[in-house]
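Residues per chain are reported as follows:
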Amino acid sequence: MLEIRNLHAAYGKAEVLRGVEIAVEPGEVVCLIGRNGVGKSSTMKSIVRDQIAVTGGEILFEGASLAGLRPHEVIRRGVGYVPEDRRVFASLSVLENLRVPRHVAAQDRRRWTVEEVFQLFPQLHDYRHRKAGVMSGGEQQMLSIARALLTCPKLLLLDEPHEGLAPKIAEEVVDAILELKREGVSMIISEQALGTIRRCADRVYVIDRGATVWNGTVEGFYADPEITRKYLMVQ
Amino acid sequence: MTDPRILWAQVARAAVNWKLIAPLLIAVEALNWLAPASTSTMLTEIAILALFAASLNLLMSFGHMVSFGHAAYFGLGAYGFTLAVVRAGLPPEAALLAGPMVAALGGLIFGALCVRLTEIYFAMLTLACAQITYTVLFQWYDFTGGDTGITGFMTPRLGLSEAGYASFALWTVVLAVLALWVIVKSPLGLMIRAVGQDRARAEALGLGARKVQLTAFVIAAFFAGIAGTLYAVLHGSAFPDYAGLSLTLDGLIMVVLGGLNSFAGGIWGAVIYQLLSTFVPKVIHEWELVLGFVLLGICLAMPHGFVGLLKRLGLGRKGGK
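Chains as they are written, first to last, in the working numbering: chain L, 1 to 235; chain G, 1 to 321.
The hints are simulated quantities; they were obtained by calculation from the structure and are not laboratory data.
Here the structure is a predicted model, which is why all the values come from computation and not from measurement.
Glycine included, every Cβ here is placed at the ideal spot set by N, Cα and C.
Fair warning: there could be bad hints in the mix.
Said to hold, decoys possible - Between beta-carbon pairs, the in silico distance windows are: (1) GLY133/L x VAL290/G: 32 to 38 Å; (2) ALA14/L x ILE120/G: 22 to 28 Å; (3) LEU117/G x ARG209/L: 40 to 46 Å; (4) LEU309/G x LEU60/L: 52 to 58 Å.
What the hints assert, rightly or not - Pairs of lysine-lysine residues, derived as PhoX-like cross-links and limited to a Cα-Cα distance of at most 25 Å, are as follows: (5) LYS185/G x LYS282/G; (6) LYS19/G x LYS311/G; (7) LYS131/L x LYS311/G; (8) LYS211/G x LYS19/G; (9) LYS211/G x LYS185/G; (10) LYS185/G x LYS131/L.
Based on the sequences and whatever the hints tell you, model everything.
As structure tokens, this is what we get:
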């Protein structure tokens, strides 16, 4: 479904990605792992062309290159994106936030409705007339995921979905991710919580200093403690 | 497309507001027909400028696009109408549509350039486009009449009395503002607001930000063109100043005075600004000084303008937009 080959990307003149290689199969959940600042978010931004310049390599989605596309064109191809900072439209209500992406046509894929995302996140239904800006971080995260689903993605990118969330709310987000996995939504999740990786991921990519340094199954990842020690622990 | 039931529910909710607006409109109409002709002319100008400010407000409050050149589309509306009569030989009644169409075309051409940039660079491009428009109107003597403008080509007000034309202008403006309100509440309006708040985020939800902004720009230009056309008909003339920087600044002041981030802000701002500019100079010669202090007070003490004050007093609609 998605194949990233030797990806290089930069913010201005500062190169942040220097050879990322990732492949995602349909229905698969892939976790990107690595310390802060190694390039996980930049990899996701490169896929959707979100304020980063891809300077080399290739990103293929369903066999077609995403090169030269603007962010909204990538989204319309079927890539949903939930950024790390959520970026809800603060002055719009929850319902209005959910109506913004509804115009992305999706004839050949699962079409999510507002009612369905309310079933996935019942709190959003309760707060549907509330301004998004006054909601808690967890509720904003749910809204951000729900909104991305309404773009009818074939592949969903979740950047640090648990960042800054209380454990109980984080658990609800994990439940939602597992529900999406059961629905067959392919996902790339940037994640640091090892428990979440064990529950959600099919495969793991370890990123370090802007490049993919290890990839394999979740079982393989947990079978080799050296990987965690070398690439995740603070040295 | 919008679910018609949702749109209808919004119209029905707005109908509650009509309980307040309808008596106000009836009072204005009564004043128009009972007061002297000069009052009717003043009411006409207020209505026209209210539409102009409302169209600018669409860009500023909802699209978060600050335009330093919105008068260009007022001027293009006025000249579009005037030239359709003078150069194309259309009867004035038939030429009424030409003004807004020319303004919208101008909005499409200039907007396509302006929306390529954001923030201050966007504002500077709008200013540049407006100055180009003004200079062409000012210098092209053979076609636009140059700095002397075009006068005497028709009976002012389409031959209607001052009160008759004020009534025509008032109800035209009411319909135009209602159309703007429906646009703001429509899915397109939601997209304009989303792109205005966070362009990158809106793009990450599949919206073509430039296309949405350009659409907003053209709509705002169209409605400013209606205002310009009504103004040209009122005076039976068109001058380059209609597209000048001064009118743009007036519009910006109106929107801030009435209250940013509110649909009614531009309209209230135009009413207050016109009343102040009409009556204050009769008492104090240095009226701009008074305006300066009023603006200082608004910006420092009431950043949400007159509408914000109404809300604080419990008289306005809750929810702003």
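Quick rundown of the hints versus the structure:
1. GLY133/L x VAL290/G: 32 to 38 Å: Since GLY133/L and VAL290/G have Cβ atoms about 36 Å apart, the given range 32 to 38 Å holds.
2. ALA14/L x ILE120/G: 22 to 28 Å: holds, 25 Å
3. LEU117/G x ARG209/L: 40 to 46 Å: violated, 35 Å
4. LEU309/G x LEU60/L: 52 to 58 Å: For LEU309/G and LEU60/L the Cβ distance comes to about 57 Å; the hint holds.
5. LYS185/G x LYS282/G: violated, 41 Å
6. LYS19/G x LYS311/G: holds, 17 Å
7. LYS131/L x LYS311/G: Cα-Cα ~17 Å, so holds.
8. LYS211/G x LYS19/G: violated, 37 Å
9. LYS211/G x LYS185/G: holds, 18 Å
10. LYS185/G x LYS131/L: holds, 16 Å
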